[in-house]
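Number of protein chains: 2
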Amino acid sequence: MGKDKDKVSYQLKVPKGTKDWEGKDMVIRDKIFGNITDVFKRHGAVTIDTPVFELKEILAGKYGEDSKLIYDLADQGGELCSLRYDLTVPFARWLAMNSSIQNIKRYHIAKVYRRDQPAMTKGRMREFYQCDFDIAGTYDPMLPDAEIIRITCEIFESLGWQGRYTIKINHRKILDGIFQVCGVPTDKLRTISSAVDKLDKSPWEEVRREMTGEKGLDAEVADRIGEYVQRKGGRDLLDQLRQDEKLMANESAKAGLADMDLLFTYLKSFSVLERVSLDMSLARGLDYYTGVIYEVITEGSAPQTQEGQKLKSAGKKEAKANKHASNIDGEEDRSNDPTVGVGSVAAGGRYDNLVSMFSGKQQIPCVGISFGVDRIFSITKQRLASDASAAPIRTNEVDVFVMAFGGKGFDGLLPQRMEVAKRLWDAGIKAEFSWKVKPKLPQQFKAAEVNGVPFAVILGDDELAAGKCKIKEMGLPEGHPEKDGLLIELASLEQEVKSRIGRRGGSAELSDGVDGMSLDEAAKAAPKTG
Amino acid sequence: MGKDKDKVSYQLKVPKGTKDWEGKDMVIRDKIFGNITDVFKRHGAVTIDTPVFELKEILAGKYGEDSKLIYDLADQGGELCSLRYDLTVPFARWLAMNSSIQNIKRYHIAKVYRRDQPAMTKGRMREFYQCDFDIAGTYDPMLPDAEIIRITCEIFESLGWQGRYTIKINHRKILDGIFQVCGVPTDKLRTISSAVDKLDKSPWEEVRREMTGEKGLDAEVADRIGEYVQRKGGRDLLDQLRQDEKLMANESAKAGLADMDLLFTYLKSFSVLERVSLDMSLARGLDYYTGVIYEVITEGSAPQTQEGQKLKSAGKKEAKANKHASNIDGEEDRSNDPTVGVGSVAAGGRYDNLVSMFSGKQQIPCVGISFGVDRIFSITKQRLASDASAAPIRTNEVDVFVMAFGGKGFDGLLPQRMEVAKRLWDAGIKAEFSWKVKPKLPQQFKAAEVNGVPFAVILGDDELAAGKCKIKEMGLPEGHPEKDGLLIELASLEQEVKSRIGRRGGSAELSDGVDGMSLDEAAKAAPKTG
Chain P
1 MGKDKDKVSY
11 QLKVPKGTKD
21 WEGKDMVIRD
31 KIFGNITDVF
41 KRHGAVTIDT
51 PVFELKEILA
61 GKYGEDSKLI
71 YDLADQGGEL
81 CSLRYDLTVP
91 FARWLAMNSS
101 IQNIKRYHIA
111 KVYRRDQPAM
121 TKGRMREFYQ
131 CDFDIAGTYD
141 PMLPDAEIIR
151 ITCEIFESLG
161 WQGRYTIKIN
171 HRKILDGIFQ
181 VCGVPTDKLR
191 TISSAVDKLD
201 KSPWEEVRRE
211 MTGEKGLDAE
221 VADRIGEYVQ
231 RKGGRDLLDQ
241 LRQDEKLMAN
251 ESAKAGLADM
261 DLLFTYLKSF
271 SVLERVSLDM
281 SLARGLDYYT
291 GVIYEVITEG
301 SAPQTQEGQK
311 LKSAGKKEAK
321 ANKHASNIDG
331 EEDRSNDPTV
341 GVGSVAAGGR
351 YDNLVSMFSG
361 KQQIPCVGIS
371 FGVDRIFSIT
381 KQRLASDASA
391 APIRTNEVDV
401 FVMAFGGKGF
411 DGLLPQRMEV
421 AKRLWDAGIK
431 AEFSWKVKPK
441 LPQQFKAAEV
451 NGVPFAVILG
461 DDELAAGKCK
471 IKEMGLPEGH
481 PEKDGLLIEL
491 ASLEQEVKSR
501 IGRRGGSAEL
511 SDGVDGMSLD
521 EAAKAAPKTG
Chain E
1 MGKDKDKVSY
11 QLKVPKGTKD
21 WEGKDMVIRD
31 KIFGNITDVF
41 KRHGAVTIDT
51 PVFELKEILA
61 GKYGEDSKLI
71 YDLADQGGEL
81 CSLRYDLTVP
91 FARWLAMNSS
101 IQNIKRYHIA
111 KVYRRDQPAM
121 TKGRMREFYQ
131 CDFDIAGTYD
141 PMLPDAEIIR
151 ITCEIFESLG
161 WQGRYTIKIN
171 HRKILDGIFQ
181 VCGVPTDKLR
191 TISSAVDKLD
201 KSPWEEVRRE
211 MTGEKGLDAE
221 VADRIGEYVQ
231 RKGGRDLLDQ
241 LRQDEKLMAN
251 ESAKAGLADM
261 DLLFTYLKSF
271 SVLERVSLDM
281 SLARGLDYYT
291 GVIYEVITEG
301 SAPQTQEGQK
311 LKSAGKKEAK
321 ANKHASNIDG
331 EEDRSNDPTV
341 GVGSVAAGGR
351 YDNLVSMFSG
361 KQQIPCVGIS
371 FGVDRIFSIT
381 KQRLASDASA
391 APIRTNEVDV
401 FVMAFGGKGF
411 DGLLPQRMEV
421 AKRLWDAGIK
431 AEFSWKVKPK
441 LPQQFKAAEV
451 NGVPFAVILG
461 DDELAAGKCK
471 IKEMGLPEGH
481 PEKDGLLIEL
491 ASLEQEVKSR
501 IGRRGGSAEL
511 SDGVDGMSLD
521 EAAKAAPKTG
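The listed protein sequences derive, respectively, from chains P and E.
Taken in order, the first sequence gives residues 1 to 530; the numbers are from this note's numbering.
Taken in order, the second sequence gives residues 1 to 530; the numbers are from this note's numbering.
Just so you know, the hints here were simulated from the structure itself, not pulled from any lab data.
Check each hint, because a few of them may be wrong.
The list treats identical chains as interchangeable, and a pair is accepted whether it falls inside one copy or across any two copies.
As the list claims (entries may be wrong) - When the alpha-carbon atoms are kept at most 25 angstroms apart in a straight line, the in silico BS3-like pairs for lysine-lysine are as follows:
#1 K268 x K438
#2 K408 x K446
#3 K56 x K68
#4 K111 x K16
#5 K498 x K41
#6 K254 x K436
#7 K188 x K215
#8 K19 x K111
#9 K111 x K13
#10 K438 x K24
#11 K268 x K468
#12 K436 x K41
#13 K468 x K408
#14 K201 x K440
#15 K381 x K111
#16 K13 x K361
#17 K56 x K13
#18 K68 x K246
#19 K498 x K381
#20 K381 x K268
#21 K498 x K468
Take the sequences, apply the hints, and build the full model.
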């Protein structure tokens, strides 16, 4: 391709809709993954890892219209494969292939692929992370469902989102019952359901117009629906619905309300009931949900009125600019990607029939949730940037920079610096030194400061001759008694360093970095509500 | 595709050459990743995450003949992309794109893709993990190189491989010098170099035959080469070479030997010199190496004489069975995948010119190593299976199973079990309970035993009425005073549980699982040699 002559004849970039993760973004993302994983493990979850691509026919027929967004591998001979579109279908395929496994709590944090029109304003990428937790198996009603809600709360608390998120909840059977009671014809159930789902962004008049207009629903039926689906609340609303005789006469609604009653009881035991809002307009796009459904929103995730309008028109412009995107844009709210559309940061529900699509016979009931890590990342990053009290984020975790200084004839003390670094590594301490034979002291300090290294161990000829070295905490204020460092015995170096790191509040990994997101905090995460 | 009628009309499997990771395998692999990451961080490394696919032209012209193994994405409109083949080229692409970054220590643990003939006998997969660590930037000679060797030792020590691995080391400039001094024509340097690289598996006679036969080298030249490349040793060998006047008269050899001399001095400071073997036959396949090269072998990785022959003939059978594989098989030893071929578990070297292939002008010297995680995993798993003293591997990390028991009229104590589980989670303790309203006690014990949960908290009506519950360490021997558990105050539940977990030697995560591979051990990892 003529590249030998002209080395950079092509564009140096990553593919459209993908990005490199690096620096502080990478650190924040890793901490988010760490917090989420800690909570999953606290509840006994295990992880599995499936291939990035699946046989094409495994994915076929699972995503409805969105199937057009699936990335295929080129046909280079052999099997036809596609990049995974989500983590749920591979999980169901895995369950179907491993029939000895009748129950599991599994989490999976991995990238998924959608040949979508990238939209930066919505955080919509072609390669992005999903973070899924699912419980498969037959248990007494609503107990796994309740634990998923509890886990969801623990995760957002551990991320420092106390009081800043709401879990909208509903039940497919309640919704179906409402539609039946209101007189929606069976063949219009799905389309009316998806119209209702837009109520989080559109006023009722608009949704009603969609129902009675293009969807051809009776105006009276629409009005009856409107009376139900605009309601939100907690236990009070649930009790009202359970006293609605018309609703309770419907088998589906009755079953859904009984589930919800039990769920609320369990959520109260788990002290998370007050984080939940029964939202009759929540319908969720995916067809495969069969029971309780939920969606987590936060003040940062749902577009504010003004900003939302801006985002919307930006979205429309993007759509116009690219004709291929037109139907994608129209589909935005129906996407099952929790990072797109209504601005939820996590979403999921019960799907009792998906595994049998693969196994043919075997039915394994499942309930799960998917966290939109990219959106959680954006909100967390924004919050950190605006929080002046947040500790600065370090990109590496080095605790000690080993330095040397000296006057005339100074040879750099390289073997001594290497020996000290080695002793620190042997003691499990994170340490660096300058890769120069004769480094200048200011350069060494600068290297430590750039990375926010908290301690310097400073070697000098005279000190070494006396069996000593200097330890200095970086960034102490002027006038502090230890501002210029402290002489310590070289023999007790490791203990001196360790006790100082300990006194500073654990290793850099634990204390520095993202406010409210340390592993320590995660361990203490306790929903304060309910 | 007729799937609506006949749901399972296709094969339920993963694509050829890929696999699902699950259960204990997943736990062992995660612990290996954790240990490796800890060592990288101890040395100040940061991580970056690049997309799974790159523009096709980024990968083009980087892998020579192996380019045919690159997976392409289907052309569905837009850019042409390929799955990454390794992590080095994306790293170089990233450095070239981010010209503000002039130096970095980065690690990257991720999957790479090769449309190779899968060979289970060699652990060759189409999707497999690589674990790369690279240092980019201009520093004083051999200091980053020495630290990579030190890091490599810390990693294998932390994996519990004390004394069971050797780092073979050589230098491209020494090799080139030897070939020049022996009289190899310039146009034959590469092909003779790759013949020499086979000395780890073939006797000298065979290699000599290849040189003088198909490669048309003078017999005398071959004999002179033979005198050099069959030598292995440490500082003694290096000193001999440095007294070889013919060799020292060659500029390339002289520079390489000076590098090696300095490197050995640094490795002695780092106490890892005795892990290293100067091996004059080590040449490494990739063209882009420009300085020191190394390869880690272990008693478990290099095929033993007999077993090696078995593996070899298995490989040949595989090759015969599939015509497409014939040239792949011929290439096996030239692959830059450290998990394939000679059986090394890690490999790498200095490559000072790769970044400029992308940047055109900017030169960023690099040195790095790639760990073959899949092979390290296989060896570790085998070792654990044959080590009767190794603690059993648990798939989850739950510390406490919350149970209830009672006689006639027992209602299951579900709200109480939920309350206790909630308190434990709030305290950061990993806990589970049965998702049954009225579970039987033996079922609850079995659920705990299956997962190796170390403690049970047992609730009963009478105990609760007295503000107490029972705590029981699982698996105590008959006759142990606490065999039947101990009554404790419910009010001090969290402290009682925490102190017991602590006494057992840290949380399950730290003490159980893989022998010699706990995080604790990693922190203490100290090469005992040198």
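Hints, one by one, checked against the model:
In this assembly of identical chains, K268 and K438 lie within 25 angstroms of each other by CA distance solely across copies; the values are 19 angstroms between and 65 angstroms within a copy. Taking identical chains as interchangeable, the C-alpha atoms of K408 and K446 lie at most 25 angstroms apart only when both belong to the same chain, with a minimum of 22 angstroms there against 73 angstroms between chains. Proximity of K56 to K68 under the C-alpha cut-off of 25 angstroms is found in both arrangements, the shortest distances being 12 angstroms within a copy and 22 angstroms between copies. Taking the shortest alpha-carbon separations for K111 and K16, both the intra-copy value of 16 angstroms and the inter-copy value of 20 angstroms come in at or below 25 angstroms.
Taking identical chains as interchangeable, the C-alpha atoms of K498 and K41 lie at most 25 angstroms apart only when they sit on different chains, with a minimum of 17 angstroms there against 29 angstroms within one chain. Proximity of K254 and K436 under a CA criterion of 25 angstroms is satisfied inter-copy only: 22 angstroms between copies versus 75 angstroms inside one chain copy. Proximity of K188 to K215 under the C-alpha cut-off of 25 angstroms is restricted to the intra-copy arrangement: shortest distance 8 angstroms within a copy versus 76 angstroms between copies. For the identical chains of this complex, K19 and K111 are neighbours both inside a copy (12 angstroms) and across copies (17 angstroms), given an alpha-carbon limit of 25 angstroms.
Taking the closest pair of Cα atoms, K111 and K13 come within 25 angstroms of each other both inside a single copy (20 angstroms) and across two copies (20 angstroms). With identical chains, the CA atoms of K438 and K24 are never at most 25 angstroms apart, being 31 angstroms at best within one copy and 49 angstroms at best between copies. In this homomeric assembly, K268 and K468 come within 25 angstroms of each other (Cα to Cα) only across copies, at 23 angstroms, whereas the closest approach inside a single copy is 60 angstroms. Taking the closest pair of Cα atoms, K436 and K41 come within 25 angstroms of each other only across two copies (21 angstroms); inside a single copy the shortest separation is 44 angstroms, beyond that limit.
With identical chains, the CA atoms of K468 and K408 are at most 25 angstroms apart within one copy only, with a shortest distance of 20 angstroms there and 73 angstroms across copies. Taking identical chains as interchangeable, the C-alpha atoms of K201 and K440 are never at most 25 angstroms apart, the minima being 60 angstroms within one chain and 48 angstroms between chains. In this assembly of identical chains, the alpha carbons of K381 and K111 lie at most 25 angstroms apart only when taken from the same copy (20 angstroms versus 27 angstroms across copies). In this homomeric assembly, K13 and K361 come within 25 angstroms of each other (Cα to Cα) only across copies, at 17 angstroms, whereas the closest approach inside a single copy is 47 angstroms.
In this assembly of identical chains, the alpha carbons of K56 and K13 lie at most 25 angstroms apart only when taken from different copies (11 angstroms versus 28 angstroms within one copy). In this homomeric assembly, K68 and K246 never come within 25 angstroms of each other (Cα to Cα): the closest approach is 42 angstroms inside a single copy and 67 angstroms across copies. For the identical chains of this complex, K498 and K381 are neighbours neither inside a copy (31 angstroms) nor across copies (34 angstroms), given an alpha-carbon limit of 25 angstroms. For a Cα distance limit of 25 angstroms, the shortest separation of K381 from K268 qualifies neither inside one copy, at 32 angstroms, nor across copies, at 44 angstroms.
With identical chains, the CA atoms of K498 and K468 are at most 25 angstroms apart within one copy only, with a shortest distance of 17 angstroms there and 40 angstroms across copies.
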